[in-house]
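> Here is how the chains run, residue by residue.
There are 2 protein chains.
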Amino acid sequence: MINETIQLYDNRPDVTLTSYVLYDSPELLGGKKRPAVLVCPGGGYMNCSDREAEPVALRFASMGYHAFVLRYSTYFRGENMMINPEEEMELNPDSVYPAPMRDIGKAFLYIHSMADKWLVDTSKIALCGFSAGAHNSAMYSVYWNDPVIHEHFNESPGLFRPAAAILGYGIYDYHLMANTDFDEIDPFAGVLRKAASIAFFGTAEPDEKMLDIASPSKHVGPDTPPCFIWATTEDTLVPVQNSCVMAAALSAAGIPFEVHIYEKGPHGLSLGTQATAGSLFETNAASSQWVQAVEKWLEYRFALPLKEKPFWMEEAEKSAPK
Amino acid sequence: MINETIQLYDNRPDVTLTSYVLYDSPELLGGKKRPAVLVCPGGGYMNCSDREAEPVALRFASMGYHAFVLRYSTYFRGENMMINPEEEMELNPDSVYPAPMRDIGKAFLYIHSMADKWLVDTSKIALCGFSAGAHNSAMYSVYWNDPVIHEHFNESPGLFRPAAAILGYGIYDYHLMANTDFDEIDPFAGVLRKAASIAFFGTAEPDEKMLDIASPSKHVGPDTPPCFIWATTEDTLVPVQNSCVMAAALSAAGIPFEVHIYEKGPHGLSLGTQATAGSLFETNAASSQWVQAVEKWLEYRFALPLKEKPFWMEEAEKSAPK
Numbered sequence: 093m094i095n096e097t098i099q100l101y102d103n104r105p106d107v108t109l110t111s112y113v114l115y116d117s118p119e120l121l122g123g124k125k126r127p128a129v130l131v132c133p134g135g136g137y138m139n140c141s142d143r144e145a146e147p148v149a150l151r152f153a154s155m156g157y158h159a160f161v162l163r164y165s166t167y168f169r170g171e172n173m174m175i176n177p178e179e180e181m182e183l184n185p186d187s188v189y190p191a192p193m194r195d196i197g198k199a200f201l202y203i204h205s206m207a208d209k210w211l212v213d214t215s216k217i218a219l220c221g222f223s224a225g226a227h228n229s230a231m232y233s234v235y236w237n238d239p240v241i242h243e244h245f246n247e248s249p250g251l252f253r254p255a256a257a258i259l260g261y262g263i264y265d266y267h268l269m270a271n272t273d274f275d276e277i278d279p280f281a282g283v284l285r286k287a288a289s290i291a292f293f294g295t296a297e298p299d300e301k302m303l304d305i306a307s308p309s310k311h312v313g314p315d316t317p318p319c320f321i322w323a324t325t326e327d328t329l330v331p332v333q334n335s336c337v338m339a340a341a342l343s344a345a346g347i348p349f350e351v352h353i354y355e356k357g358p359h360g361l362s363l364g365t366q367a368t369a370g371s372l373f374e375t376n377a378a379s380s381q382w383v384q385a386v387e388k389w390l391e392y393r394f395a396l397p398l399k400e401k402p403f404w405m406e407e408a409e410k411s412a413p414k
Numbered sequence: 093m094i095n096e097t098i099q100l101y102d103n104r105p106d107v108t109l110t111s112y113v114l115y116d117s118p119e120l121l122g123g124k125k126r127p128a129v130l131v132c133p134g135g136g137y138m139n140c141s142d143r144e145a146e147p148v149a150l151r152f153a154s155m156g157y158h159a160f161v162l163r164y165s166t167y168f169r170g171e172n173m174m175i176n177p178e179e180e181m182e183l184n185p186d187s188v189y190p191a192p193m194r195d196i197g198k199a200f201l202y203i204h205s206m207a208d209k210w211l212v213d214t215s216k217i218a219l220c221g222f223s224a225g226a227h228n229s230a231m232y233s234v235y236w237n238d239p240v241i242h243e244h245f246n247e248s249p250g251l252f253r254p255a256a257a258i259l260g261y262g263i264y265d266y267h268l269m270a271n272t273d274f275d276e277i278d279p280f281a282g283v284l285r286k287a288a289s290i291a292f293f294g295t296a297e298p299d300e301k302m303l304d305i306a307s308p309s310k311h312v313g314p315d316t317p318p319c320f321i322w323a324t325t326e327d328t329l330v331p332v333q334n335s336c337v338m339a340a341a342l343s344a345a346g347i348p349f350e351v352h353i354y355e356k357g358p359h360g361l362s363l364g365t366q367a368t369a370g371s372l373f374e375t376n377a378a379s380s381q382w383v384q385a386v387e388k389w390l391e392y393r394f395a396l397p398l399k400e401k402p403f404w405m406e407e408a409e410k411s412a413p414k
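Heads up: the sequence lines are chains A and B, in that order.
The first sequence begins at 93 in my numbering and counts up one residue at a time.
The second sequence begins at 93 in my numbering and counts up one residue at a time.
Don't read these hints as lab results, they were simulated from the structure.
Here the structure is a predicted model, which is why all the values come from computation and not from measurement.
Be aware that a few hints might be false.
When chains are identical, the list treats them as one kind, so a pair holds in a single copy or across two.
Claimed, not checked - Derived DSS-like pairs: lysine-lysine, alpha-carbon spacing no greater than 27 Å straight-line:
id : residue 1 : residue 2
1  : K286      : K410
2  : K356      : K388
3  : K124      : K399
4  : K401      : K286
5  : K399      : K356
6  : K124      : K310
7  : K356      : K401
8  : K356      : K410
Can you build the whole structure from these sequences, using the hints too?
Spelled out as structure tokens, the structure:
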């Protein structure tokens, strides 16, 4: 495998793309290009969680797809820091909208530029995000062909097209978030929500226009890629209603989609298995089934270009007496 | 991840260990050591198949275990060559017994030497072999504490102990093989069997004593590790009877084991999914379920050392008013 970490901008060591590019072989695809999955970890736009990074990429790699982890712009600039609720947060202009979704665009450009070397089928690049990474992936999915992306890079919109989006426990309607009293549910949720708001909007009190721009469910259209949505109803950080609203928007727009809402499990399950857990609290056998579901779903459009028979069988049939 | 290929002997570029060592994080195991799975591809002791190498290692890595691929001594010295049934095979002294199983021992020594850097729990290293790699893994499983291994390396037997063996469509009783008329089943099988015999025994006609030594089912004992055996009844290269006989031997010796014999599917399925296939012939949805079964089975003894709760929850509980 080609496992490298690439810094995407000269002056920004915090924004990186890590490759998990599969080794090809005459016994496997023999030089044919493969689909890829670009993983966007969550972390409330404060950081990118390791629990939603490499182990997730490896699970997609094990399905036969190239995988990538994007560490996009976040408030703590890639440092593994915690917010201190006692301290006033200074603004970090690098992490505010639209920087994080532009980073996905930058990653698409980079993968396109390496497609021949890495054998990536650039018509089949899926996004897979969790929490803030799901919000970022959903934002990108509705804005990839908007000037906010392609004019910024001065590149053709086609280079940015995602083939699918896999969205776990994300925010898709910021109005819903504004109307939820998180302090009532969980004081920790209130602190996080405020911090995430300063990180992404640059203010704890974004106006209606900003809330609207940042609500991907309001902007689903004919160019939105097929989406796989999953969440748990017990999530106290991001209300599951977000996933319901996003599903309704996809359904209304006639975009192919699949939804799996599990009853049990906290926010931030990632794969829901020991592979992505630091504690048993972060595992859930039932909800971890989303991975089996997404494996089948990806095959609808990402099935590898396999021949009917292995080469030695073709040879044997050619040389067999008629 | 640490993805490196290490040459295990100075003068043997063909015998290599490739690491898929997982990145640790304070959010994951926070410095605790992990179990590992050492993958031995098949290939009739002629070569090591790419279809049973990296993609299999990645599937175990996605379960949260470090993974390694061992390319052990084979007839074609790591070259991807095909046998020519018209030509007499010269002897390659490097690939004959006991070289291939000693290579597993060398890999164990190397992994032990790197355990602190790579965070490997050396008391939990499983072998996973396919076909000839399953034979090699089964041989090692019954001979790891025999002088043929530890006296050769002049090291303590404890360094070689495998914690489990996962064996797919392997040969475990060479008498069964000697008594099967492969030419009758499939002319290709006859050619392969003869070539594999020259590669491993150094002769197309090994004597009874050699057949006995090379039949791991005859040597199961109290130090044989728990085994997970799987195969398909349609296999025309290695009769499924081998797996039945091995299961009987494990059962008789009171070694923990699990067996999954699927009805459908040819020899050499590997994962049985598109990830390990060069053609649709090498996939089988039903038989590919062995991977889900082995994931559960490994957790009986390899479950990661997870805490009860994440650190932020522990902190919140400490600071909560009593």
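> One pair to classify: K286 and K410, alpha carbons no more than 27 Å apart. Within, between, both, or neither?
between (69 Å within a copy, 23 Å between copies)
> As a check of your reading, is K399 near K356 (CA-CA no more than 27 Å) within one copy, between copies, both or neither?
between (41 Å within a copy, 20 Å between copies)
> With 27 Å as the alpha-carbon cut-off, assign the pair K356 and K388 to within, between, both or neither.
both (22 Å within a copy, 21 Å between copies)
> With 27 Å as the alpha-carbon cut-off, assign the pair K124 and K310 to within, between, both or neither.
neither (38 Å within a copy, 45 Å between copies)
> How would you classify K124 and K399 at a CA-CA limit of 27 Å: within, between, both, or neither?
within (11 Å within a copy, 43 Å between copies)
> Between the shortest in-copy and the shortest cross-copy C-alpha distance, which are at most 27 Å for K356 and K401: within, between, both, or neither?
Answer is between; shortest inter-copy Cα gap is 16 Å, intra-copy 43 Å.
> First find the shortest C-alpha distance between K356 and K410 inside one copy, then the shortest across copies, and answer within, between, both or neither for a cut-off of 27 Å.
Close across copies (25 Å), not inside one copy (56 Å); limit 27 Å.
> Is it within a copy, between copies, both, or neither that the alpha carbon of K401 lies no farther than 27 Å from that of K286?
Cα proximity of K401 and K286: across copies only (24 Å, versus 57 Å in one copy).
Violation of the numbered hints given earlier is confined to hint 6; every other hint is satisfied by the structure.
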